[in-house]
Amino acid sequence: MSYDRFAQDLDGVVSRRAFIKTGAAAGGGLLLSLSLPGLGRAAAIGDVGDWAPNAFVRIGRDGQIVLTMPYVEMGQGTYTSIPMLIAEELEVDLKQVQLEHAPPNEKLYGNPLLGVQATGNSNAIRGAWQPLRQAGATARTMLVSAAAKRWNVDPASCRAQSGEVLHAPTGRSAKYGELAADASHMPVPESVVLKRPEDFKLIGTPAKRLDAPFKVNGTAVYGIDVRPPGVKIATLAQSPVFGGRVKNVDDAAAKAVNGVRQIVRLDDAVAVVADHMGAAKKGLAALVIEWDDGPHAKLNTEDIARELDQATLNSGPVAQNVGDIDRAMASAVIKVEATYQVPFLAHATMEPMNCTVDVRKDGCEVWVGSQALARVQAAAAKTAGLPLDKVVVHDHLIGGGFGRRLEIDGVIRAVQIAQHVDGPVKVVWTREEDIQHDMYRPYWFDRMSAGLDEKGMPVAWNHRFAGSSVIARWLPPAFNNGLDPDTTEGAIDLVYALPNMRVEYLRVEPPGIPTAFWRSVGPSHNVFVTESFMDELAAAAKQDPVAYRRALLDKAPRAKAVLELAAEKAGWGQPLPKRVGRGVAVQFVFATYMAQVAEVEVSRDGTVRVRRVVCAVDCGTVVNPDTVRAQIQSAIIFGVTAALYGEITLKDGRVEQTNFDSYQILRIDEAPAIEVHIVQSSEPPGGMGEAGTSAIVPAVTNAVFAATGKRLRKLPIDTTALKQPA
Amino acid sequence: MAFKIRVNGVDRTVDVDSDTPLLWVLRDVFGMTGTKFGCGMALCGACTVHLDGAPTRSCITTIDSVGSAAVTTIEAIGDTPAGQKIQKAWLDLEVVQCGYCQSGQIMSASALLATNPHPSDADIDDAMSGNICRCGTYVRIREAIKQAAQLSSPAVQRG
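Quick mapping for you: the protein sequence lines, in order, are chains X and E. If you use our numbering, the first sequence corresponds to residues 1034 to 1759, in order. If you use our numbering, the second sequence corresponds to residues 131 to 289, in order.
Bear in mind the hints are in silico, worked out from the structure with no lab data behind them.
Quick list of in silico lysine-lysine cross-link-like pairs, BS3-like style, CA-CA up to 30 angstroms: (1) X/Lys1128 / X/Lys1182; (2) X/Lys1611 / X/Lys1575; (3) X/Lys1747 / X/Lys1575; (4) X/Lys1208 / X/Lys1234; (5) E/Lys276 / X/Lys1128; (6) X/Lys1280 / X/Lys1331; (7) X/Lys1743 / X/Lys1593; (8) X/Lys1747 / X/Lys1331; (9) X/Lys1241 / X/Lys1128; (10) X/Lys1288 / E/Lys134; (11) X/Lys1602 / E/Lys276; (12) X/Lys1208 / X/Lys1228; (13) X/Lys1241 / E/Lys276; (14) X/Lys1368 / X/Lys1575; (15) X/Lys1280 / X/Lys1684; (16) X/Lys1234 / E/Lys218; (17) E/Lys218 / E/Lys276; (18) X/Lys1128 / E/Lys218; (19) X/Lys1128 / X/Lys1208; (20) E/Lys218 / X/Lys1241; (21) X/Lys1228 / X/Lys1140.
Construct all of the structure, not just a fragment, from the sequences and the given hints.
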């Protein structure tokens, strides 16, 4: 019972009280565990003694239905959509279920599409679609069998509904709780038949978020909110240059601050431990730290950009090769060339990085909101020098992930500090520390060239780019022959019919700045480049951007359909005022087809305002349509922020941005109107959390081109270049 | 030194330096963690509370400046008519995502509605542009404020 509360002291679906109640009622309940593809765990049924946390469904004798969530909730609605999958087949109402976080366990809760226990890559529903519906169906089948046996009737004459098994001919019924003990002794069905889509009651309907009530009254507990008894609060200063060291610390003034308890000096950081964050921050400000900046003391962003630019002058590992690019280019009537650049980006989650740790001689407890729980446990164990089973991790709601909380740098740091502290300590990053010691979306540099035929259509497409591979560090087995599936997603397998195409990627790791996943990662860069360049080709061919793309989509009907839908709903082609333009982008990433049309106004001083965005999406089967809309709205705002403002720069090895004044986030008065149009589909579900972010960026920059004639090949948008000449 | 402040109708005492921000007194001393830390510089609005009904960034409000003002936090905003309407609209329209900024959003929106029962889009921009939401729930925040405003208007409820 080490993974616990989501909300404090309230009745509801996800409370500690509910969990304890279920635990106490465990005797004789039904445990259902199931195997995820490739993870080799046979389904097993047992009684209370077997109640290891390797289950997705648990039904107590008292009727409590507890669903264990293998994916973490960070706003994307997974705590609603995953229960929908299980409840659909289990035949229970969402209001009947309780949720709990899965504990760290790579084997049981590994993401089938990543092979590790992690929430990311917009693949929770994709990974859960089959196995978690099967989990529900298997449990239901066994409950029905138990009821049929008890009543001595044919299971086929019984049906399950709203947490009960009913036998209509005799009017008998039994609640799941009454059947759980018997069901645990029923044979596990070899296979179960999943519902046909037309029989879905929950899937495809807009379900209410199960986590929302706690998030409107202040009771939701995020990692930063935990308060184990006796907890102290620490904040920290890490070497302002990555790779630097602490040379000297004068902590006399800091120690004199009322409420400061202790100063912890590490090799490359200093922490102030206090009774409360006010004292800790005051103590931090009073520290006089002398740093040895190390090897990156002179590093500037321009140095990194230049290195990447140079790298693309040479060929690299080929991610995709179609046809004969050289011959096609030689025969082209028109040639188009361009280079593109995208900057380092911080995550700037609203909940600053934090981690609470209690290191004792015989064990360690960690409280944190993480996208990769098993990694948290492993990192804490390694840092504290303890065996894995001595580390207890309490997972919590996440106040924004976007890839930041797939990393365990913060956990390692907190454990390092906690090793010097008696009792639990909550380490909280200031916003400045959070932005200046993030792990950043990589800088990428792209070299594009294309050849067009006499009609202006592309006969050759050449794309070479350089930058960091996050996968190579984070999931080395997935980095092969110099390539990985994330860094190249959105650059290869384009929706368009391109008869000759070559995509090359050169892995160049920048010195002195760590990189990491960031909402939509590879596509956040590649879709900007490919959809901007496609727009350039349309312009070179003197053709309408929508018509040009449409002509290349005959073999991609789903892509064509979303393009046509978005264009129609956006009123593509209808006249607009001066310095207002529409831009379009089409993509197939995260297994979802999407087209967006952005309408942008560029003022005389160059300021870009995104007025309206129309998005058409075909993400296959929709589980929760309201979540699909919410995620697209969210992803678009996230992408507009990146297009207009997002940029982390280094000067003398230091990140120049510090807080929300220098690292701006879009605000409500700048937010566009957003329309989402969902294409009905019975294809398997695609990913939803990130696709909207990659599509919006080129839609915006293409719209700026339409409004001003200025092509933007570097992000964020440089408004000085868009000023109207006097 | 000791300060006495009134939080959600309850008198409380705290012994901290006079320049300690109210945010940390609420979160770390009183354990009222509904009010969130986002930036520490009044740039994001996550820490918004009410002082005598006025939306206030608690991260830059020192404890010695609170005086006799009534402090209201997210934990008690549901007891006010405007707060209740805002919370209901937030749930009806499924505003929240990660939810971390929403305490502050709701406090700003409740203060707006309490003083301006029928805010225009421009009023909403003015009152809410100090609150950042990284999940980008702005479209729904705007709709929810308008819906909450309708709840307060019998004339509109008819329709």
